[in-house]
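Novice: Chain by chain, the residues:
Protein chains: 2
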Amino acid sequence: MRSIAIGVVFALSFCFAQDSSDFKPASSNVLDAQYPKVDSNSRVLVRIMAPNASTVKLNFWSGPKMDMVKQADGSWTATTPPMAPGLHYYTINVDGAEVSDPGSTAYFGGGKWASAVEVPEAGADYYLPQNVPHGQVREIWYHSSVTGSWRHALVYLHPGYDASKTRYPVLYLQHGGGEDETGWIRQGKANFILDNLIASGSTKPMIVVMANGYASRAGYVVPDLSGKPFGSPGFLEVMQERMGAFEDDMTQVLIPFIDKTFRTIADRDHRAMAGLSMGGMQTFQVTFNHLDLFSYIGGFSGAMNVFARGNNSLDLNTAFHGAMADPYAFAKRVHLLWIGVGTDEPTRMKEGIEDLHASLEKAGIQHVFYESSGTSHEWQTWRRDLREFAPRLFQPVGQPSSVGHGK
Amino acid sequence: MRSIAIGVVFALSFCFAQDSSDFKPASSNVLDAQYPKVDSNSRVLVRIMAPNASTVKLNFWSGPKMDMVKQADGSWTATTPPMAPGLHYYTINVDGAEVSDPGSTAYFGGGKWASAVEVPEAGADYYLPQNVPHGQVREIWYHSSVTGSWRHALVYLHPGYDASKTRYPVLYLQHGGGEDETGWIRQGKANFILDNLIASGSTKPMIVVMANGYASRAGYVVPDLSGKPFGSPGFLEVMQERMGAFEDDMTQVLIPFIDKTFRTIADRDHRAMAGLSMGGMQTFQVTFNHLDLFSYIGGFSGAMNVFARGNNSLDLNTAFHGAMADPYAFAKRVHLLWIGVGTDEPTRMKEGIEDLHASLEKAGIQHVFYESSGTSHEWQTWRRDLREFAPRLFQPVGQPSSVGHGK
Chain A
-11 MRSIAIGVVF ALSFCFAQDS SDFKPASSNV LDAQYPKVDS NSRVLVRIMA PNASTVKLNF
49 WSGPKMDMVK QADGSWTATT PPMAPGLHYY TINVDGAEVS DPGSTAYFGG GKWASAVEVP
109 EAGADYYLPQ NVPHGQVREI WYHSSVTGSW RHALVYLHPG YDASKTRYPV LYLQHGGGED
169 ETGWIRQGKA NFILDNLIAS GSTKPMIVVM ANGYASRAGY VVPDLSGKPF GSPGFLEVMQ
229 ERMGAFEDDM TQVLIPFIDK TFRTIADRDH RAMAGLSMGG MQTFQVTFNH LDLFSYIGGF
289 SGAMNVFARG NNSLDLNTAF HGAMADPYAF AKRVHLLWIG VGTDEPTRMK EGIEDLHASL
349 EKAGIQHVFY ESSGTSHEWQ TWRRDLREFA PRLFQPVGQP SSVGHGK
Chain B
-11 MRSIAIGVVF ALSFCFAQDS SDFKPASSNV LDAQYPKVDS NSRVLVRIMA PNASTVKLNF
49 WSGPKMDMVK QADGSWTATT PPMAPGLHYY TINVDGAEVS DPGSTAYFGG GKWASAVEVP
109 EAGADYYLPQ NVPHGQVREI WYHSSVTGSW RHALVYLHPG YDASKTRYPV LYLQHGGGED
169 ETGWIRQGKA NFILDNLIAS GSTKPMIVVM ANGYASRAGY VVPDLSGKPF GSPGFLEVMQ
229 ERMGAFEDDM TQVLIPFIDK TFRTIADRDH RAMAGLSMGG MQTFQVTFNH LDLFSYIGGF
289 SGAMNVFARG NNSLDLNTAF HGAMADPYAF AKRVHLLWIG VGTDEPTRMK EGIEDLHASL
349 EKAGIQHVFY ESSGTSHEWQ TWRRDLREFA PRLFQPVGQP SSVGHGK
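In the order they appear, the protein sequences are chains A and B.
Per the working numbering: the first sequence ends with 395, consecutive numbering throughout.
Per the working numbering: the second sequence ends with 395, consecutive numbering throughout.
Treat the hints as calculated values from the structure; they're not laboratory data.
Fair warning: this is a prediction, and the values are worked out from it, not measured in the lab.
Any given hint could turn out to be false.
Below, in silico cross-link-like pairs of lysine to aspartate or glutamate (EDC-like), each with a Cα-Cα straight-line distance of 16 Å or less [stated by the list, open to error]:
1. LYS192(B) / ASP20(B)
2. LYS153(B) / ASP247(B)
3. LYS12(A) / GLU109(A)
4. LYS216(B) / ASP20(A)
5. LYS153(A) / GLU376(B)
6. LYS216(A) / ASP20(B)
7. LYS12(B) / ASP212(A)
Take the sequences, apply the hints, and build the full model.
Specialist: Structure representation (structure tokens):
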């Protein structure tokens, strides 16, 4: 009986905590939108007007999937359990139509302009605008001889860039599959992360280029993939074709354009590339195929071995043109190889990256393995990756092989 | 009988024209999205998956409102009559939920991230990226002592800015109600319009600043307007409060910040302001209250008299601190007063602006009245305004009073 009574007390206190009634509009909402709301327990309350709908469902892509409940005023609501901190993509399914929430800022993810809600992380202000000098983000357009089209990219310039005459190193920073070149600024808050890091003195002033990760060679006809699920074979073929086109566009057109347009230090010792998920795969492909151009490499939840391995194993002696066959030569040539993962990522992704880390360790390949505690295949993981990765770039001394943890 | 036969022939030929089957994905779609499509007759075919919906409606905000028809595969489709050229906002109503089309780029309009479809205009390439030098659009953040917050703005810098040491004039260019500072670039293509105008030599190189038109003074609590229709009394009060805060932020914080951050010519002879709709109202309010700061004024479908008039009449002798009481002095002081309107705008808007034009003519106030032929209260009107307005800015000779037409 005693244990039951304690159970009841616990349950009651949990209810009280849940009914704290301190829901506030999310910082990711559009101007004046009252919903979605987040409370101090990191629960999210979503609401949409759909007076004539039969079934409305809430779909957090890396989180809860819930039936929404119809209210007397024709709205539908759902409250999630406590969620991990960070920005969580979601859509709402109204009688079979998978749509965005009009109350949310639209973020480009999943190949469309989706909704997302920002769940604050207690004590974490490294990605918020602070009272420090702010860099600018420039939109640039360049004509690509590879794609035969005008292409759009974003470029972060640190706060001191305009007033100086100095040249700076460059980080190429790529979004994930289904996202675009706006992701690192809009979702990732990369500009604020870098503003804060640079202001603290921990990170070298740098130029950060965020390119559009999709490219098609001039004349290539994209097959109609409407109706096919994202990730099915047709998508993989398109992705491989596009990764090749992207590699050519980046190395033959974008990098020369950036080096011509901005005051860069245009050599491999002052050029880094990193990316998340698909952008991590692109980073491994581009950098290992062009080690004459890059010396810092970051994979944020990015699988290295998707394209390099046959039959589920990565042979480090032959992979990537044998770049890792000699660990000592590799460590001299590549100043930083970063492998990051969130501890709550889906098992398949997590194990793939952990296996890669283990393979690298076993082969004696110098690298940094970083685990983001309690986060999934989502932006909070990648914000933390950037926060830890950027200070290690373009520093005069080499980086030791180490294992990091953090939130 | 003969007239009936001719009618049938006409109907048939119309059907043939309608069934031209040359529908192509709109340029405003997200990557790979096959719908919406536009045909050579400027008809728009919209499609959304909603297999379990009872009623799906297509809602072009300044165009057709149509029932969509369910197809065997669970999608719903509708094809519009031929539409005017330009970018048309729309939403789709799925069983009472007014939502965006996942196939469309999201544009911030109507206070949310809405859909829009680009209907090409035959022969019009002035807002398309061409093989000319491209300027950059910079995102800037500044801390406002008026709002007590970080504010975001976009700044267009013409292609020659970085390589020169020269100082340049500035145009402040404002979006409409329900839109934000991204509107002139995303929807309006202002950067491409200016690239093309500057490349042609018709327009002076200039800096264009696009600020967020919503501001609230620090401590001001925005009333909950959820559920109230846009434009109802609560909105007007908020808008007036915000216009005052916006005026202070622009004149006390933003302009000094821009003059400090960029190589501007920081005097009234080299500073212009223009805006569309609500942005036109803001332009009139800010410029006429600060003629010490501005000498070029553009109202694109913007009512001048909403705040200046009582009882439905605008007394030019007293309005705006009597700035127009002396037409000769006004013409010497204000180098350009531009009043633009689309010939197909809603009657109330069109008549308000035509009345203003007539009042100015009668009072002998030098101005340019521009009518965009066949376009409504939409972006094609404002793209044309900008194309005609920008070449008249910062030119050495005064502008004659004239009436323009064009498409």
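Novice: Next step is simple, just say for each hint if it's right about the structure.
Specialist: Here's how the hints hold up against the structure:
1. LYS192(B) / ASP20(B): 38 Å, violated
2. LYS153(B) / ASP247(B): 15 Å, holds
3. LYS12(A) / GLU109(A): 15 Å, holds
4. LYS216(B) / ASP20(A): 12 Å, holds
5. LYS153(A) / GLU376(B): Judged against 16 Å, a Cα distance of about 38 Å means the pair is violated.
6. LYS216(A) / ASP20(B): Holds - the C-alpha atoms of ASP20(B) and LYS216(A) are around 12 Å apart, at most 16 Å.
7. LYS12(B) / ASP212(A): Status holds; Cα separation ~13 Å.
Hint compliance for this structure: hints 1 and 5 are broken, all remaining hints hold.
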